[in-house]
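So the sequence lines, in the order shown, correspond to chains A and B.
All letters in the first sequence, in the order written, are residues 1 to 570 by my numbering.
All letters in the second sequence, in the order written, are residues 571 to 691 by my numbering.
Don't read these hints as lab results, they were simulated from the structure.
Be aware that one or more of the hints could be misleading.
As the list claims (entries may be wrong) - Below, computed lysine-lysine pairings styled on DSS-like, alpha-carbon distance capped at 30 Å:
(1) A/Lys91 with B/Lys685
(2) A/Lys284 with A/Lys297
(3) A/Lys284 with B/Lys655
Claimed, not checked - Computed far set for chain A versus chain B, every beta-carbon distance over 12 Å:
(4) Asp77
(5) Ser80
(6) Gln136
(7) Thr148
(8) Arg292
(9) Gly336
(10) Ala365
(11) Lys405
Just so we're clear, the structure is a prediction, and the values are computed from it rather than from any experiment.
All C-beta atoms, glycine included, are put in the ideal place defined by N, C-alpha and C.
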Amino acid sequence: MFNHIASEADCDPNNIMFPSKTTYEWTRIRRKISLSLSLKFGSQICSQINQSCHGTPGPFLSRHESIQMALVVVVDDDRSIRHMVSQSLEKIHLRVETAATADEGLQLVTRTQPDVVLLDIMMPGRSGLDVLRDIQAIDRRLPVIFITADSGTSTAIEAMQLGAYDYVSKPLDLPSLNRLVQAAVDARRLMSTPVALAADPVSDQAGKVFVGRSPQILDVLKSIGRVAAQDVPVLIRGESGTGKELAAQAIYQHSHRRDRPFMAINCAALPDTLLESELFGHEKGAFTGADRRRIGKFEQCHGGTIFLDEVGDMAPVVQGKVLRLLQDQRFERVGGNETIGTDVRVIAATNRPLEEMVESKTFRADLLYRLNGVTIFIPPLRDRREDIQPLLKHFLMRSQQALSKLHIEGLSPQSLELLTNYSWPGNIREMYSVVQQAVLNAIGPIIIPEFLPRQITDAHPVTAAPAPVMKEEPSDTIDTHSLPTTQNSSLDDLSAFIDSELRSKTTDLYAAVVDRVERYLITRVLQETNGNQSRTAEILGVTRAKIRDRIATFNISMEHKVRMDNGAEN
Amino acid sequence: MNPAVPVTNPAVALQRLGNDQSLLTALTAYFLEDAPGLMGQLRAANESGSIEEVVQTAHGLKGLAATFEAIPFVQIAADIEAHAKAGDRSTISSLLPPLQREFERLVAVLEASTKSATPTS
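So here's chain A without its partners, still in its complex pose (with noise of 0.2 Å):
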């Protein structure tokens, strides 16, 4: 199977997708006895693989999610609680088990090594509190969510300051409650997921791993090294999709604070005040809305460090709390007076150009200067172009492994030669993306171009690394003949997209679908304006050079005008 191919190809880098000829046949032996297979057994098969790609999962996936389903222990002495938090996890996919007695959850979460622990704060016998420090003695990085009957008390502020991941009060609103849970889980595996520093992807079976050989990437990975002892701030820049997250969290695991929180914000998911409102907290009554005390990701993440992204999107007013905090670690709560200390080492992410919103004063100086202590700049896929098989290889066998289509033995040469050959604006998340919808749409052990996204498929072959383009246009206006085109810019497929993610378990589908939608609203609007960048900008609401920078980001290219810079054309 594969794995077989795979131990081959790695003895050749250059035959990464292909069984030797030797496997080859074995694959049309096999596809001979699948063919004879599905004239005798046809509707059967036809509707088990049906049922795997349409999102009813077969028993494959079944099996698979109740293997990845992540555990909760849940400890109250009150029953109802434990019955009512129970019944509403599993709703969400989510085991649970139950401790009545401070004990009996320390025995629990030793035994089970659970995701998340929900903890009562007051319960006969012993503090939650102390349970707390027990439970951390086990294990650190666990988070733990308090369940309290008052939310404004000084023991939930000092249950924060300990290192609780977060607290409800009861009465449990549950959909709050399952959202809540749902974040500590996926913080936990952020924490917990091991980040290889590998330059070769055999190594990598469980973990994420940087995946590539080029000289590009290996700078990156000496750079991670160098700086991730060193407690000063990281900026981590490079297109939408290179793998920001996966470098913060590599610098966060081989820093001396990997036994503290993680915690990942993206600056472009919230509005404004409600960014400020979830890195500093806020006091009762600081806004409407506001009707308790909430602490905020920089004091609860105390020791820790926090993972900024897209900082370049953050509003003016935050980006100054946040100088502030990088200058002297401290703070107030939105709506306080009391300053708080904290100690946090911050890593902040952008794909946009902060120097040139420093000149258009969309973006602070002094903070530019405080956050790149140290720059890590991921290269772009089409820049590093050795790497593509390298990573085709390894999410061809992360995507078999998720989805349980382990009989899929490879790309077929024509798709090997197209994915080869595309020029990746969306770089490595859209390659994962792609080969997710590869692998699940496959009928028969070969991927062929057949079962590849369309985006592959009508794309134009790339010769030479393209620069992104309008990047040197001088004109507001372009040719009106010129019209912007991109890859990937059909939404037809958005919902098949979501579901092709889900199915795979990803932990990143905001951000694939959020870039997904832009990409489309950005070449859409430009079309409409025949692309017309002021004008874009208007309708859209946003300053020119956002336009400018997302044309560049997505590699939107304006046809005409990009073959007369190549002097094809006038």
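Fit chain B to the known structure of chain A by using the hints.
What follows is chain B alone, placed relative to chain A:
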């Protein structure tokens, strides 16, 4: 007791439970089974001067009743808990009768809701 405040608010309770009626029914059954024992435990703890147990039991009752948005009962239980933490035994004794009255009203409402939710044959 403020008659304007309803004994429970099933709509709010149900919303908090993700509109899961069967879960609300199960929690009602738990309350009806567990709360009478806790009420007895609370009285006994107060009589024996076991303040720590008064705190725990009042806290437990408060949490149980909060599920049903039983505000009048929850308020008295919270007062008892607070006074117990402050070691104020005389106030606790004065709060037990109103707590008992609210408890009886609450049990009556919950029993009625259980009967109305039980399908008739």
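Taking the closest pair, is the beta carbon of glycine 336 of chain A still more than 12 Å from chain B? holds (25 Å)
Just checking, arginine 292 of chain A versus chain B, shortest CB gap more than 12 Å? Per Cβ check, arginine 292 of chain A is outside 12 Å of chain B; nearest 15 Å; holds.
Lysine 284 of chain A and lysine 297 of chain A: Cα distance at most 30 Å? holds (17 Å)
Minimum Cβ distance from lysine 405 of chain A to chain B greater than 12 Å, as the annotation requires: With a cut-off of 12 Å, lysine 405 of chain A remains clear of chain B, as the shortest Cβ separation is near 34 Å.
Under the criterion that the straight-line Cα-Cα distance not exceed 30 Å, is the pair lysine 91 of chain A, lysine 685 of chain B satisfied? holds (27 Å)
Beyond 12 Å from every chain B Cβ: check whether that's true for threonine 148 of chain A. Threonine 148 of chain A is in fact no farther than 12 Å from some Cβ atom of chain B, at 10 Å.
Mind verifying the non-interface call on glutamine 136 of chain A? Its CB should be farther than 12 Å from each CB in chain B. holds (25 Å)
Non-interface claim for serine 80 of chain A: all C-beta distances to chain B beyond 12 Å? Not fine: 4 Å to the nearest Cβ puts serine 80 of chain A too close to chain B.
Alanine 365 of chain A: least C-beta distance to chain B exceeds 12 Å? For alanine 365 of chain A, whose nearest Cβ neighbour in chain B is about 48 Å away, the distance exceeds 12 Å, so it holds.
Any Cβ of chain B at or closer than 12 Å to aspartate 77 of chain A, or is the non-interface label fine? Per Cβ check, aspartate 77 of chain A is inside 12 Å of chain B; nearest 7 Å; violated.
What's the verdict on lysine 284 of chain A and lysine 655 of chain B, does the C-alpha distance respect the 30 Å limit or exceed it? Distance of about 24 Å is within 30 Å: holds.
When the structure is compared with the earlier hints, violations turn up for hints 4, 5 and 7 and for no others.
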